[in-house]
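*Asks:* So the sequences go chain by chain: Y, G, V and F.
To convert, count from 1 in the first sequence and add 8; that's my numbering.
To convert, count from 1 in the second sequence and add 1156; that's my numbering.
To convert, count from 1 in the third sequence and add 135; that's my numbering.
To convert, count from 1 in the fourth sequence and add 191; that's my numbering.
Calculated from the structure, these hints are not laboratory results.
A portion of the hints provided could be inaccurate.
Output of the computed footprint for chain Y on chain G, the stretches with three or more beta carbons under 8 Å from beta carbons of chain Y [as the list claims (entries may be wrong)]: (1) 1161-1171; (2) 1186-1194; (3) 1208-1214; (4) 1219-1231; (5) 1253-1260; (6) 1299-1308; (7) 1313-1319.
Okay, the calculated beta carbon distance ranges per label pair [stated by the list, open to error]: (8) V:P430 to F:R832: 51 to 59 Å; (9) F:W862 to V:R561: 34 to 42 Å; (10) F:R851 to V:H559: 22 to 30 Å.
Residues from chain V that keep clear of chain F, each with C-beta distances beyond 10 Å, as calculated [stated by the list, open to error]: (11) P240; (12) R245; (13) R293; (14) Q321; (15) V329; (16) E385; (17) Q527; (18) M584; (19) G591; (20) S600; (21) G615; (22) P674; (23) S687.
All C-beta atoms in this analysis are idealised placements derived from N, C-alpha and C, irrespective of residue type, glycine included.
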Amino acid sequence: MIDLVLAGPDRLAPYLLLAAALFSLGVFACVTRRNAVGYLMGIELMLNAANLNMVAYGRFRTELLAGHAQVATLFVIALAAAEAAVALALVYAIFRNIRDVDLDKIRSLNGE
Amino acid sequence: MNVATLIFWPVVAVTLAGAAGAAFARNLVYAALSLGASLVGMAGLYFFLQAEYVAVIQMIVYVGGILILILFGVMFSRDILGTSTEPSIGSRILGGLASLATLAAMGRIAWNIAGTESLGLRAQRIPTADWVGQISSTSASHLGDLLMGPWLAPFLVVAVLLTVVLVAALGLVRKDAQ
Amino acid sequence: MIDASILSVFLVLPVLGAVLAWILPARPNAQKTISVTVSLGLLAASVLLAILAVSAQKAGFVLRERIPVLSDWGIAWHVGVDGLSIAMLFLSALVQFCASVVAAPNGRVRAYHSLVQLLFVGVNGTFLALDMVFFYVFWEVMLIPMFFLIAIWGGDDRKRAAVKFFLYTMGGSMAMLLAMLVLHFQIPETGMTVAVRNAEVREQMTVGSQGETYLYDLPVLASDSLGKPVVAAASDIASGSNRPLFVPVERNFDLLHWKLLAPYWADLQILGFALAPVALAFFFVAFAVKVPSFPLHLWLPHAHVQAPTAISVVLAGILLKLGVYGLLRVAWPLFPAAALDGANLFAWIGVISIVWGGFAALGQSDLKRLVAYSSISHMGFCVLGIASATSQGIAGAAFQCVSHGLSASLLFLLVGVVYDRAHHRRVDGFGGLAQIMPKFSAIFLLSAMVGAGLPGLAGFVGELSSLLGAWVNPATRVAGLVAASGVILSAAYLLWTVKRVIYGTVKHPEQRAFSDLNTAEMAALAPLAALSILLGVWPGLLQAALGPVSASLAGHIAWVAGLR
Amino acid sequence: MNVNPATSALIGLFLPLAVSVLGAFTWRRLGKTLDLLSVGVALVGAVATGIGAWTLGQSGTVVSVSFPWLWFPGTGIAFELGLHLDALSAMMLFVVQALGFLVLVFSRWYLHDDRFYGRFFASFSFFVFAMSGVVVAPGLLQAFICWELVGLGSYFLIGYWHDKPEASEDPEYQAGKPWYATGLIESKLSPSSAQFKAFVVNRVGDFGFLSGLALCAWVVGTWSGFQGGDPLAWKTLFGAVADGAFAQASFLGWSGMALLTLAGLLVFLGAMGKSAQFPLHVWLPDAMQGPTTASAIIHAATMVAAGVFLTARIYPMLTPEALVAIQWVGGITAFVAATIACVQWDFKAVLAYSTISQLGYMMLGLGAGAAAGGYAAGVSHLFTHAVFKCMLFLGAAAVIHGLHGVQDLNRMGGLAKKMPLTAIATGIGTLAILGVPGFSAFWSKDMILAAANAKVAIAASSGMPVWSSMVPWILGLGTAGLTAFYMSRQWFLAFLGKPRDHHLVDHAHDPDKPSVAVLLLLALLSFQFVWTGSVNPAQAGSWFSGLLAAPVAGLNASLGHALPEGVLHHIHLSTMLSSVALVALGVAAAWLLYLNLASVRHRTAEWLRRDVPTNLVWKFLANLWFIDKAYDFLFVEGLGRRGGKAVAKTDMGGTISLDRAIDQAAGLSGWAGRFANLFQSGRSGAYAGWTSLAVFGALALVLLYSK
């Protein structure tokens, strides 16, 4: 059944595997990056993985609902954009305050 | 082995490589750029999935918008950070384990899906070979109908949200914010 | 006509009081007036109930209502009062009155009075609740205000005392929660039918429109000649037939239904372990902390020494009684067989509390701490009486609750009086007060005698009944013999204190300036003193309410134990 | 005139109670009227109960009234309070009320200028109420309740002068203290200490009483023949005993007679406390800290007699073994107290120890058993002793009042000239307690000794070990001689000879007329013919033995077998002769040592105290056989103070204490907290990592291992 996995664009499995890989890479980035921007990139990766899953499922599983899946994806993209904007604004504000965006140093909520 | 498949695998490779770069690259600029590559590859995959409109949006919003924002962020954080982005060994182990767990879980699901497809539980789909001339069920106009129909309420909410976000972002970056 | 809706008064009034005390501008007299008014209202309501109970003279619930809420989780708003809970509600109202009349600590008046009211919401709720969930909730509701009352208005070491109080009680509550959940899920989802004691049906039954019988709102079934279950006619039961009766019980949190399940709990096995002894142990820990019994008593001296006078009064006057009430309402009814098996152990726990507390009290130099240990010693008699699981013992335990509520409140109020005058509580820091404060000394001697169990005063009846009960049960006889030595100890430490504080020469001349009891103090002390004499001379007044309940519980225990 | 005995008893009970309640609140304001009120009430009570007793004696019936007081549904048990008036209790009730009245009359003179004047009458009335309650008790429970209330009354009266300092801090006491005032623990010698001591020592006895009561309630309450009602009512209780209820029960392996013995002895422990029987006698001498007139009624006439009365009441449930124990306790008490009394220098202390000794006599008599005539003997002595000992105490009050509080015998002497009437009255009382023929104790005490002697004979005939009854008898005989010695010594030292302290003695004078009248009336009652109507101790048919006949007859039937008449007569005769001889010996010794030789060796007492070897004996006795000191070391300081401190420290505050141990255990939770902290780095990245690791790891495991 490996052939099913490695089959071309006409199968669902490759997309899912790719999405899994992207997501786990995003997780890794989120965990390891000490930099706010790096963190943001990880999040974007995960969002993309999710989008890919949605569109792929929409296409291969629920043919008639494919459109809905894509609309949802559009929403995610829009929200991702908004999120990125706010995140960057925050990064900028923090940077102005403490001349740094190292998340390890931003711990005022940790009571230190 | 048709032409689509021949294009397909390189696109996957680009996406994956870009993502890996975004995750592993020491230098944030390179990371951001490889993220861009990954995003572009993603758009290509959307084409394969017959989601042309999404692919276009992906190119415009992600590659054109978000990536630029991220690059800005990198730009004015880089001079302070220098090479101090070296992640701690502990966080690397943690990240490795976490991502492996994620990969295992989702990979297993994908594997199962593949298995079910082998059992012939595949949805009927239009063969990639003869797209051309077909009226996709997911043309932009169709998506527009959906947006203005069942998705109207979320659409408006998102619209409001985006406005708020815009204002908020502006507020945050105003000079006298501190 | 009085129906069960009057019971909500015991919760609504304090809540209103709390809200009022909080929203009104902080003026000590205003808040104090609210507290006193609320307590008077509760007092009136409880007296009304008491009249009902004494006139009814039945073991059953005088008022009871069951309104299903969250029925798919088996939770119902089930409240009711029988003689026991009415006595406790009355004591609670009385203690609240005395605690409100005496001077409240200065500062944060609004918070203080609101918290006191909330505390009594929890107390009254626990005495009312017949559903395990609400019982537990009110139990916890009571815990939090007490924590703050000690932690904010306490003495120098208040934080530690409050945390100790909280942790001990919380630990007990956790045990109760665990046991309660385990029990709940041991009931088959489909429900089950259990045999019930005819006498209990006769005591508690309600008659339906078609003359059918209900026990705790459950239809009572009798098995006809063919052994098929048929609806039992109320007339038939009332006429005293001894046909075996059954009720269908479903999975819920209802305490009374759980009581009916006692035979089921008795022979329930989990992982090869008998459930009943373990669950009983958990409940016993939960309640023994409050009582408090010997190994779990260590929070009490801290809490008492640190708490302000009024809060000490509440603590000793009513909070300790909740432990005994829990044992009588939950632990023993649910696991009679296990309780009888452990009678010896429980009795010795009570006896050790009596003797240990007595000796510890002998060794104290701080008046408040001395009274605290005397409380431990006196409450030991409650545990002893309950352990004996006889009509005398259980009635004695309940009676001892009331009498100790009176004597301990009196003593703490009096200690508060001298502390207010002298700003210290060292026993050797006083002497010859009888020449300076005659009223105070008279009431002090009276309270000491109540504590020492002098006949003719309330303290005697409880101890006597507990001892009588302990002698009836073979497993607790020796314990009863040893426990009787408590009368020597209590006389020793209390009268020794009396001698050192109020008799002899005036050791500290500056104390000649002390003023005798003022009106407020008299108002707080007089009712307690009068009641402790009245109940000593005429115990039947209280026994009329407690006796039938204790007899019914003893009968239940004997019946379940006999089924094996 | 004929009143219902029950009514009269209720009058005697509740009028004094009303007075005491009134007085409790108002004694400061209307002290001077309170005394008249209480005296009047006491008179009414005395007359009423007297008529009641007379009526009862005429009809010879038993009056019993009771109402439920504390009941237990489901058990059929309902304890009752009420009245039980038979010959014994009616007579005792009358004695209590009458003596109460006389003592109150005397007290008006004795305490007339006292600072707590009114309070005395309030407390006294309360005591009379409680004591009457014990006497008329219809069952063991009311007996116990009023028993403790009596203790409370005694507590009030002993601590009457509660503001006095301990003797060690009392300059007055230290000034007047002679060098030979030894053996007392002065740091614990004050009214407030004495009342405390008395109450707690009595509680030791009441511990037994309470346990015995509970034991009986259990046995009778679960007895197959129990009909419901009060299991402790005399009738039910004795019925159950006779029916062998104790054979059905078992406790720690004891059953039947053994269990009954245990029950009897537990209750008797209470009697030991109240009646100051060895080893619980230590409180009575201290109780002399109270007003002397209070001692007259409480620690001489009535309260201490309550123990004897109770023992007589529960006679039907006392097994022969129990009686042996009682007889031993009585004998030892009588002898020990008598020896101590021989060296007391304090006028009241002599009387206190003589009281203990006489109470021992009564127990000795009761312990001899009904068959030996011990019951009648003990009870008779209870009454005769009540009268003359009350009078002796009142005489002591008169002396002490006359000497402005001086109680040292060695500063008295020659008082007979100054207070002749008091001297005569106390002289008669002394003769009475000596047991000189013609005086009341000659009759009752000889009955006791005869009974003890008869017990020996019975034991010999019924196969019980003879020594078990021989020893108490010999102790009793010895005590007779000692009593003669110390009582005559006291009277000689106080009233005869030359005044040793002139400016003290010169101001002495007799009490006022009513008080003297009281003294003389009681003196009159100390003659034997008042009680027996003849001088023959064995003479039956006197009104008083007739009074006692009824209960004794029943007991004789129930217990043992009586001796033949001839043997009894012989025993009586021999006992009479021997006791008279001993009395003569004792009086002669006292005469020689304290009057005659006083001129030869300047101070005989000095010689006894100073010279070897007598001073060793003297030290031992003056230290009260070191019993008080031993108790103080073992129980008060040791068990009480140190034990209490030790337990308190072990519980909390000590270096090794339960509290600390639990705190340490709680400290362990800190480690758990630190471990949990590992996950709380505050790095959002780490949070994300842990979260996804947990969620997806779990998911992966589930998926990978699920088929």
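*Asks:* Could you run down the list of hints and mark each one as holding or not?
*Replies:* Here is what the structure says about each hint:
Chain Y is given as covering the region 1161-1171 of chain G, and this holds because 5 residues of the stretch bring a CB closer than 8 Å to a CB of that chain, at least three being needed. With a cut-off of 8 Å between beta carbons, the region 1186-1194 of chain G has 4 residues touching chain Y; three or more are needed, and the interface restraint holds. Counting residues of the region 1208-1214 of chain G whose beta carbon lies closer than 8 Å to any beta carbon of chain Y gives 4, which meets the minimum of three for the stated coverage. Only residues whose beta carbon comes within less than 8 Å of a beta carbon in chain Y count, and the region 1219-1231 of chain G has 7; three or more means the coverage holds.
By the rule of at least three residues with a Cβ nearer than 8 Å to a Cβ of chain Y, the coverage given for the region 1253-1260 of chain G holds, with 5 such residues. For a cut-off of 8 Å, the count of residues in the region 1299-1308 of chain G with a CB near a CB of chain Y stands at 5, and the three-residue condition holds. As drawn, the region 1313-1319 of chain G meets chain Y at 3 residues by the rule of a beta-carbon pair under 8 Å; at three or more, the given contact holds. P430 of chain V and R832 of chain F have their C-beta atoms about 25 Å apart, which leaves the hinted 51 to 59 Å range violated.
Restraint check, W862 of chain F to R561 of chain V: a C-beta distance of roughly 39 Å satisfies the suggested window 34 to 42 Å. A beta carbon spacing of about 25 Å between R851 of chain F and H559 of chain V agrees with the range 22 to 30 Å that was offered as a hint. Distance to chain F confirms P240 of chain V as a non-interface residue, since its nearest Cβ pair spans about 25 Å, more than 10 Å. For R245 of chain V, the condition that its CB be more than 10 Å from all CB atoms of chain F holds, with the nearest at approximately 34 Å.
For R293 of chain V, the shortest C-beta to C-beta distance to chain F comes to about 17 Å, beyond the 10 Å cut-off, and the non-interface label holds. For Q321 of chain V, the requirement that its beta carbon stay farther than 10 Å from each beta carbon of chain F is met, with the minimum near 28 Å. The Cβ of V329 of chain V lies farther than 10 Å from every Cβ of chain F, with a closest approach of about 23 Å, so its non-interface assignment holds. Listed as outside the interface, E385 of chain V is consistent with that label: its C-beta sits roughly 31 Å from the nearest C-beta of chain F, beyond the 10 Å cut-off.
Once the 10 Å rule is applied to beta carbons, Q527 of chain V is inconsistent with being away from chain F; the minimum gap is 5 Å. Annotated as non-interface, M584 of chain V brings its C-beta within 10 Å of a C-beta of chain F; the closest such distance is 7 Å. Interface exclusion of G591 of chain V from chain F breaks down, the closest Cβ pair being 6 Å apart, not more than 10 Å. The beta carbon of S600 of chain V is not kept farther than 10 Å from every beta carbon of chain F, the shortest such distance being approximately 7 Å.
A beta-carbon of chain F is positioned within 10 Å of the beta-carbon of G615 of chain V; the least distance is around 7 Å. Not every Cβ of chain F is farther than 10 Å from the Cβ of P674 of chain V; the closest lies at roughly 5 Å, contradicting the non-interface assignment. Not every CB of chain F is more than 10 Å from the CB of S687 of chain V (nearest about 8 Å), against its label as outside the interface.
Hint violations for this structure: numbers 8, 17, 18, 19, 20, 21, 22, 23, all remaining hints satisfied.
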